[in-house]
Each structure stands twice: as C-alpha cells, then as structure tokens.
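> The primary structure of each chain is shown beneath.
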Amino acid sequence: MSERLGVTPAQTVGPYLHIGLPWPDGPYAVPEGTPGACWIRGQIVDGTGAPVVDALVESWQADPDGRFDHPDDPRGARPSTVPGFRGFARTETDGQGWYGLLTVKPGPLPTPEGETEAPHLTLSVFARGLLHRLVTRVYFPDEATANAADPVLRGVDPDRRDTLLASPAPDGYRFDIRLQGEHETVFFAV
Amino acid sequence: MTRDGYDTTHPLTLPSYRRDDVDAHPPLLSPGYKSTVIRAPHQPLVYLPQRLTEVTGPLLGEGRLGEFDHDLTRQHDGEPQGQRIIVHGRVLDGDGRAVPHTLVEIWQANAAGRYRHILDNWPAPLDPHFTGVGRTLTDERGRYEFITVQPGAYPWRNHDNAWRPAHIHFSLFGRAFTQRLVTQMYFPGDPLFFQDPVLNSVRDEQARQRLIARYDHATTRPEWALAYEFDIVLRGRDETPFEDEDDDE
Ligand SMILES: [Fe+3]
Numbered sequence: 001m002s003e004r005l006g007v008t009p010a011q012t013v014g015p016y017l018h019i020g021l022p023w024p025d026g027p028y029a030v031p032e033g034t035p036g037a038c039w040i041r042g043q044i045v046d047g048t049g050a051p052v053v054d055a056l057v058e059s060w061q062a063d064p065d066g067r068f069d070h071p072d073d074p075r076g077a078r079p080s081t082v083p084g085f086r087g088f089a090r091t092e093t094d095g096q097g098w099y100g101l102l103t104v105k106p107g108p109l110p111t112p113e114g115e116t117e118a119p120h121l122t123l124s125v126f127a128r129g130l131l132h133r134l135v136t137r138v139y140f141p142d143e144a145t146a147n148a149a150d151p152v153l154r155g156v157d158p159d160r161r162d163t164l165l166a167s168p169a170p171d172g173y174r175f176d177i178r179l180q181g182e183h184e185t186v187f188f189a190v
Numbered sequence: 001m002t003r004d005g006y007d008t009t010h011p012l013t014l015p016s017y018r019r020d021d022v023d024a025h026p027p028l029l030s031p032g033y034k035s036t037v038i039r040a041p042h043q044p045l046v047y048l049p050q051r052l053t054e055v056t057g058p059l060l061g062e063g064r065l066g067e068f069d070h071d072l073t074r075q076h077d078g079e080p081q082g083q084r085i086i087v088h089g090r091v092l093d094g095d096g097r098a099v100p101h102t103l104v105e106i107w108q109a110n111a112a113g114r115y116r117h118i119l120d121n122w123p124a125p126l127d128p129h130f131t132g133v134g135r136t137l138t139d140e141r142g143r144y145e146f147i148t149v150q151p152g153a154y155p156w157r158n159h160d161n162a163w164r165p166a167h168i169h170f171s172l173f174g175r176a177f178t179q180r181l182v183t184q185m186y187f188p189g190d191p192l193f194f195q196d197p198v199l200n201s202v203r204d205e206q207a208r209q210r211l212i213a214r215y216d217h218a219t220t221r222p223e224w225a226l227a228y229e230f231d232i233v234l235r236g237r238d239e240t241p242f243e244d245e246d247d248d249e
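Chains as they are written, first to last, in full-length UniProt numbering: chain A, 1 to 190; chain B, 1 to 249.
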C-alpha cells in the first residue's frame with residue numbers, strides 16, 4: 001500500500017539562521033507572568049571553550065500535569081490547564097553564547113514499560129558546524145527521587161549524568177551545553 | 001482513573017518512528033566542513049527510546065502566518081531583483097503519506113548571493129526589496145508553495161576559493177519531535193557542487209540527490225516564473241499491528 005521513501009538528509013542551519021528562524025515570541029513556552037514560570041538559561045560552548053554565538057535551541061515538553069495537546073498521545077490530546085501553554089520554545093544564543101526560555105516545570109510521564117519518566121524538557125540544538133541537530137534533555141535538580149528512577153538517566157553513563165541536570169538559578173534554572181570535549185553534554189540519537 | 005478519564009492502569013501504546021539509515025544524514029564530524037571539527041561531539045550519541053515527549057511535538061503555524069509570508073517577492077513596496085521562481089513540493093513521511101498542515105520555514109540569500117544579516121558583508125549588493133524569509137503551511141495533501149527569487153552563490157572562508165552553491169534553507173516540524181528537520185534545497189546542475197563540503201557531507205549519492213530540486217516545466221508560468229519541485233521526506237512510522245491488517249499487499 002505505502003511506498004518506502006528515503007528521508008531527506010539534514011543540513012546545517014549555517015551562520016545566517018537568525019534571519020529565518022527566531023520568532024519574537026520564541027522564548028516563551030508560557031506567556032510572561034504565568035504563575036510558577038521559570039527561566040531556563042545556559043551558555044553553549046564549543047570544543048575550544050569558546051561561546052557558540054550562532055546557535056538556536058528549541059525545547060519541547062509536557063505541561064505540569066504531564067499531558068500533551070497532541071493527537072498522538074494515546075491518553076488523548078488535552079489542552080493544558082496553564083493558559084497560553086505552548087510547550088515549545090525557540091531561542092537563539094546571544095553574543096556570549098547564552099540562550100534563555102521561559103516555561104513551567106513539566107509533570108512526570110508514564111512509559112509503555114510501566115515506568116515513570118522524571119520531569120524533563122527535550123532540546124534540539126542547531127548551529128553552524130552542526131550538520132544535524134543535537135538532541136539533549138534537561139532534568140531538574142529538585143527531583144532527586146524521580147531522577148533516580150528515570151529510565152533514560154539510568155541508561156546514561158553515571159559519570160556523565162550530571163550534564164543532563166540543570167542547576168538552580170535566581171529566576172529558575174541554568175543548563176549549560178558543552179558541544180565537545182571535557183564535560184561534554186550527553187546527546188541522544190532519537 | 002484520572003480526572004479527565006484517562007485510565008492509568010491501561011498500558012500505553014505509542015507510535016514509533018523508524019530510525020534513519022546510518023548514511024541518510026551527514027556524519028556530525030565532517031572535517032571538510034571545518035567548523036564541525038570543534039563543534040561535533042566526541043562521544044557517541046546515546047540511544048533514546050521514543051517515548052511521549054519524542055512522539056509528540058509542536059503543531060504550530062495557524063496564526064503565525066502573514067498574508068505575504070509565502071511570497072518573498074511581495075514583502076516590500078517594490079519587487080526584488082533577480083529571476084523570479086516558484087518553489088513547490090510535498091512534505092511526505094517515509095511511507096509516502098502526506099504531512100498536512102505543517103509549518104515550512106525558509107530563508108535564503110538574495111539574487112546577488114548576500115543575506116540580509118549583520119555578519120554577511122562580502123561585497124555583493126543588498127536588495128532593499130528582499131528580506132529572504134518565508135513561511136507557509138502545507139495543505140491537506142502536504143503541498144506547499146513559495147514564490148521567491150533565484151538565490152545567488154556566495155563565498156565563504158572554509159577552503160581556498162570556497163563558494164556555496166545556490167541554496168534555500170528549509171525548516172520543518174512534521175507532527176512529532178522525532179520528525180524535526182532542518183535542511184537545504186539545491187538547484188539542479190549547479191557547477192559548484194563538486195567543491196561544497198556541506199552538500200557532500202551526505203555520503204550516500206542517492207541521499208544527496210534528494211537535496212536537489214527538479215526543474216518543473218509543467219509548473220513554470222509563461223512569461224512569469226521558472227518552477228522547481230522539491231519534495232521533502234520526513235521519517236516514517238513503524239507500522240502498528242493494527243495498520244498491518246489494513247495492508248493488503
Ligand atoms: Fe546559506
């Protein structure tokens with residue numbers, strides 16, 4: 001019935017992604033002023049330790065109840081109880097390699113194996129010099145018990161797990177991304 | 001049962017997207033493209049099972065589009081310089097199914113090969129009537145169409161006398177996080193292909209050909225614009241047992 005087609009290969013966003021991809025409301029996965037909203041900010045650095053000033057980070061996540069307003073969630077699509085919740089943010093790095101996005105902490109998620117995933121955001125990183133996006137996850141420092149039971153974190157080399165853990169910051173969390181070398185962030189094949 | 005009737009005791013069955021062939025995408029470390037050397041991770045990627053966060057994704061677009069977002073020749077008071085072109089095609093998944101109502105974003109250099117970007121300052125002219133950014137949604141059959149001008153080639157400093165072949169950057173969401181794709185469309189017969197490490201980072205010849213649009217004479221409009229067809233294929237889903245029953249091959 002259906003033909004099998006080869007996928008279109010990925011290519012880099014190149015150095016001029018800023019003309020095409022940023023949106024004025026990009027950094028806001030929730031509207032400004034949302035109760036309980038937090039900023040997730042971090043710096044992206046390359047293998048030489050230099051800030052990556054031409055990157056774009058996108059985030060995707062469940063809402064605080066662990067739900068998605070999406071038809072492929074087998075529990076049913078459900079609009080969030082948080083008004084204006086988009087679940088998606090898009091933020092380009094600044095002249096010092098910093099990105100920032102405003103969101104609310106997601107809830108835990110069930111898995112098909114009957115386990116529970118700890119609250120997390122999934123990130124895509126795009127930049128000149130990245131021929132394909134990099135995928136990583138942000139976990140929260142105040143979820144020690146849930147993190148210890150998380151099937152994805154448990155599958156990561158214990159010495160590298162902390163690269164997936166945000167740290168507390170005055171208005172939310174900090175999550176740095178090291179593309180290469182010492183303390184390299186864990187990146188995933190999805 | 002939770003308050004919205006979701007039965008937490010019922011096992012969760014998720015759609016699953018086929019993982020791409022090893023050669024479908026460029027290796028992250030492709031030393032011919034110099035900046036990959038300090039930016040590609042050294043550690044191998046860690047296998048991530050596709051769970052709820054990966055098989056869902058942002059369904060965006062409605063309300064994001066302005067009247068002329070799909071027509072890059074009508075975003076200013078005057079018309080941009082250059083060869084007017086129509087770029088159209090379908091967004092499909094790996095099983096040939098249309099991906100409807102999905103956001104397609106493009107950006108490109110002007111006819112002289114210059115981007116309207118603060119860091120692009122090689123001596124080619126900017127065009128006051130060309131921004132180089134477009135957005136549209138696919139229709140119910142996965143079709144999209146842009147009207148723009150033929151972008152020029154541009155130099156970069158990657159290697160001696162390095163020039164990027166003319167291209168248009170494309171960004172697609174599909175319906176799941178696993179389908180997210182950013183790529184570039186090239187034009188058929190470009191003499192600069194041989195020396196371009198970005199296109200040639202895709203090692204499989206057939207996969208590389210999928211980045212090159214087809215000149216489409218049937219859609220070319222007399223005395224108005226040349227047309228190029230560029231279909232984009234996102235990942236397909238693994239068939240579920242239920243779907244197999246419908247499959248009478
Ligand atoms: Fe480009």
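If you're looking for bench data, these hints aren't it; they were derived computationally from the structure.
A hint or two may mislead.
Said to hold, decoys possible - Computed list of chain B residues with no C-beta within reach of chain A, every gap over 10 Å:
#1 P15
#2 H117
#3 G152
#4 S201
What the hints assert, rightly or not - Some chain A residues close to chain B (C-beta under 10 Å, calculated; not the full set):
#5 E32
#6 T34
#7 P35
#8 R41
#9 Q43
#10 V52
#11 H120
#12 D162
#13 L165
#14 P170
#15 R174
#16 R178
#17 Q180
#18 F187
Keep in mind that this is a model prediction, so the values were computed, not measured.
Cβ coordinates follow ideal geometry from the N, Cα and C atoms, glycine included.
> All hints are to be evaluated individually against the structure, with a verdict given for each.
Hints versus structure:
1. P15: violated, 5 Å
2. H117: Not fine: 4 Å to the nearest Cβ puts B:H117 too close to chain A.
3. G152: About 14 Å separates B:G152 from the closest Cβ of chain A, which puts it past 10 Å; holds.
4. S201: violated, 5 Å
5. E32: violated, 18 Å
6. T34: Hint violated; A:T34 Cβ to chain B Cβ min 17 Å, cut 10 Å.
7. P35: Violated, because the Cβ-Cβ distance from A:P35 to chain B comes to roughly 20 Å (cut-off 10 Å).
8. R41: violated, 21 Å
9. Q43: For A:Q43, the interface hint is violated, since the closest Cβ of chain B sits about 15 Å away, which is over 10 Å.
10. V52: Holds: closest Cβ of chain B sits about 7 Å from A:V52, inside 10 Å.
11. H120: holds, 7 Å
12. D162: Hint violated; A:D162 Cβ to chain B Cβ min 14 Å, cut 10 Å.
13. L165: violated, 15 Å
14. P170: Nearest chain B Cβ about 27 Å off; hint violated.
15. R174: Violated - the Cβ of A:R174 stays beyond 10 Å from chain B, reaching only about 20 Å at its closest.
16. R178: holds, 9 Å
17. Q180: This interface hint holds because 6 Å falls under the 10 Å limit.
18. F187: holds, 5 Å
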